[in-house]
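Engineer: Listed below are the residues making up each chain.
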Amino acid sequence: NAGVTQTPKFRILKIGQSMTLQCAQDMNHNYMYWYRQDPGMGLKLIYYSVGAGITDKGEVPNGYNVSRSTTEDFPLRLELAAPSQTSVYFCASSYSSGDTETQYFGPGTRLLVL
Amino acid sequence: GNSVTQMEGPVTLSEEAFLTINCTYTATGYPSLFWYVQYPGEGLQLLLKATKADDKGSNKGFEATYRKETTSFHLEKGSVQVSDSAVYFCALRSNAGNMLTFGGGTRLMVKP
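These protein sequence lines map, in sequence, to chains Z and G. Here the first sequence stands for residues 1 to 114, where the numbers follow the numbering used here. Here the second sequence stands for residues 1 to 112, where the numbers follow the numbering used here.
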């Protein structure tokens, strides 16, 4: 199993540009998550999904959109990039939402908005 | 709301030294507690977890005990190695939802 994969690894955007961060998992997990990690800060949840066709907002959803058309894929869309979106983005997945459930993380996408 | 507070880093130790990284939390109810580790250039990996008061999570020589009376979950290791150099995140999941709340992370640097 590849686990959770993310592309690209690194990207530079100009203000106002748009892009999609890709995330895929091959563990047949129902739950998927997008986090952002700012320097010296913990991870903050952007959006999550409990299954194909179902998404919900996390703590910091403004400026982002997501979709979940398949169990495997959970892309994150930035429509109008802003410098405040410079961050490292992590995708994660888990089988269920149980309070002991482990989340598995991808390697991250580093985004720089100039 | 829920929150997790970790000691700020970086923590710099010599090989074989004793490690403690402090973590305290604020949450309603009885959360589950986690330590995740992030090695350079990689995503987070679960290191250990505890789901109820007085539980001790352990893995790879690391330990942490769920202390409800002090709302703490400090990470310890008796003898660190250079390969333990990484960023360590304390996190909680409340029993009211499925979201993890993370601390700010503590960078550990172990020198030979």
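In case anyone wonders, no lab produced these hints; they're calculated from the structure. Wrong hints could be hidden among the right ones.
[What the hints assert, rightly or not] Okay, derived cross-link-like pairs now, DMTMM-like style, lysine to aspartate or glutamate, Cα gap no bigger than 20 angstroms in a straight line:
id : chain 1 : residue 1 : chain 2 : residue 2
1  : Z       : K44       : G       : E42
2  : Z       : K44       : G       : E8
3  : G       : K56       : Z       : E101
4  : Z       : K9        : Z       : D38
5  : Z       : K9        : G       : E42
6  : G       : K52       : Z       : E101
7  : G       : K68       : G       : E42
8  : G       : K56       : G       : E42
Engineer: Compare the structure with each hint and give your call.
Structural biologist: Comparing the hints with the structure gives:
1. Note on Z/K44 and G/E42: the hinted pairing holds, with a Cα-Cα distance of about 17 angstroms set against a maximum of 20 angstroms.
2. Distance check on the hinted pair: Z/K44 and G/E8 sit about 18 angstroms apart at the alpha-carbon level, within 20 angstroms; holds.
3. Straight-line distance between C-alpha atoms of G/K56 and Z/E101 comes to about 17 angstroms, which keeps the hinted pair within the 20 angstroms bound.
4. About 16 angstroms separates the Cα atoms of Z/K9 and Z/D38, which keeps this hinted pair within 20 angstroms; it holds.
5. Under the criterion of a C-alpha separation no larger than 20 angstroms, the hint pairing Z/K9 with G/E42 is consistent with the structure, at around 11 angstroms.
6. At roughly 14 angstroms between alpha-carbon atoms, G/K52 and Z/E101 fall within 20 angstroms of each other, so this suggested pair holds.
7. Between G/K68 and G/E42, the direct Cα distance comes to roughly 32 angstroms. Violation of the 20 angstroms bound is thereby established for this hinted pair.
8. With a C-alpha separation of about 26 angstroms, the suggested pairing of G/K56 with G/E42 is violated against the 20 angstroms cut-off.
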